[in-house]
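Protein chains: 2
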Amino acid sequence: MSQVFVNIALSLDGYMAPEGMTLAHWDTADYKDWGAKWGAMMGWLLKQRYFRENHGFGAGGEIGAVNDMVRRTMERTGANIMGKRMFEQGEASWPEEAPFHTPVFVLTHEKREPWVRPGGTTFFFVNDGAESALAQARAAAGDRDVRISGGADVVQQYLNLGVVDALEIALAPVMFGGGRRLFENVREPLPQFKVDHVLAGPDATHVRYVRT
Amino acid sequence: MSQVFVNIALSLDGYMAPEGMTLAHWDTADYKDWGAKWGAMMGWLLKQRYFRENHGFGAGGEIGAVNDMVRRTMERTGANIMGKRMFEQGEASWPEEAPFHTPVFVLTHEKREPWVRPGGTTFFFVNDGAESALAQARAAAGDRDVRISGGADVVQQYLNLGVVDALEIALAPVMFGGGRRLFENVREPLPQFKVDHVLAGPDATHVRYVRT
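Protein chains in written order, with the numbering used here: chain A, 1 to 212; chain B, 1 to 212.
Source of the hints: derived by calculation from the structure; they are not laboratory data. Among the hints, a few may not be true.
Intra- or inter-copy, both count: the list cannot distinguish identical chains.
[Stated by the list, open to error] Heads up, simulated DSS-like pairs for lysine-lysine below, C-alpha to C-alpha not over 25 Å straight-line:
| no. | residue 1 | residue 2 |
| --- | --- | --- |
| 1 | K111 | K32 |
| 2 | K84 | K111 |
| 3 | K84 | K194 |
| 4 | K84 | K32 |
| 5 | K194 | K111 |
| 6 | K32 | K194 |
| 7 | K111 | K47 |
Here chain A stands alone, though its shape is the one from the complex:
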């Protein structure tokens, strides 16, 4: 059966996004230095060849274990789920060929027709909650896996539903000092994980936790 997984980058001090990284300051990356902080956290990813090709950043880039992991993450994913804020930031940033190539279920109160992008990404706007989005994503993913893409509040919702089979964290050595924490609002009974795999990259430590 297909899995539900989270695959995100995290700052050393536990933030998914630095303070100031909001749509209001999307074009002013020097606001609270959010651009440099985000870049430092994502540096390991931005230089991988597979990621660069997928995002149209041009040729070149690193190959190796991290690049292979990035490719496998993409290839195993049959559907994505994300929050409204992540979608809106992406809408302002992604190339026309949005970098998912799957159905993407956006948790939002906004009513909106599906938005079809070239390259296989279609955004569906789900108004009836996280469990409904997951059911739709599972159906769409078929044998492939469902990725909870973010942001933090959406990951927290699925952790609290107890449905996250694997939690894959790229822990970068950068400190943010503030921002959106991944781990808060997670309630009892707390999800239980064990370490499944560690890939020690030079710029991030990639740990895969699986549900026990």
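Model the placement of chain B on the given structure of chain A, informed by the hints.
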């Protein structure tokens, strides 16, 4: 020159201690389940042979890379610094031969004569702040290193002073859901670290960060 280092265990969600783990509930480890949570975070350490011998837990225990790391951490340490709360909890828990075997500088407002324990541990009570404690610890440590032992607020003070050369974290896969966070109150300019070493144990991921 000797280094200043932090070596602590951390829950997956970023806590050094679970909610409820206070002196008031020291004898009721089922209060908010703090004992089980703490034990789950420290499980990797509690079964190492060197740790068991040092704490008088009896013979046996694991040997290998993690045990070697625990021994090296102890052997390199020429002085410890800790906060008042950690000291008080330890005072209620440590065996008569306290498990430090070095001078220990306790940050506190309490005026108290040095407390000499068998086995080489002497607690000195420092009333004039973190920088003074560090100067005293450096002098006492000689060629060996100074360990910032905890708790979270003390680690934060030294991070903010910019004097932490190495940050060694045993990241355990347990979730606490609440408690004392390691990373908060850390201010700009934020300390800058890079990954120096990763030891992937079965029960915790040991990452060593060094100052850049």
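Results for each hint:
When the C-alpha separation of K111 and K32 is checked against a cutoff of 25 Å, the pair qualifies neither within a copy, at 33 Å, nor between copies, at 42 Å. In this assembly of identical chains, the alpha carbons of K84 and K111 lie at most 25 Å apart only when taken from the same copy (12 Å versus 55 Å across copies). Neither within a single protomer nor between protomers do K84 and K194 lie at most 25 Å apart by alpha-carbon distance, with minima of 30 Å and 33 Å respectively. Proximity of K84 and K32 under a CA criterion of 25 Å is satisfied intra-copy only: 23 Å inside one chain copy versus 35 Å between copies.
When the C-alpha separation of K194 and K111 is checked against a cutoff of 25 Å, the pair qualifies neither within a copy, at 39 Å, nor between copies, at 44 Å. For the homomeric pair K32 and K194, the shortest alpha-carbon distance between copies (22 Å) is at most 25 Å, but the shortest distance inside one copy (36 Å) is not. In the homo-oligomer, the alpha carbons of K111 and K47 never lie at most 25 Å apart, since the shortest distance is 37 Å inside one protomer and 55 Å across protomers.
Violated hints, in rising order: 1, 3, 5 and 7; the structure is consistent with all others.
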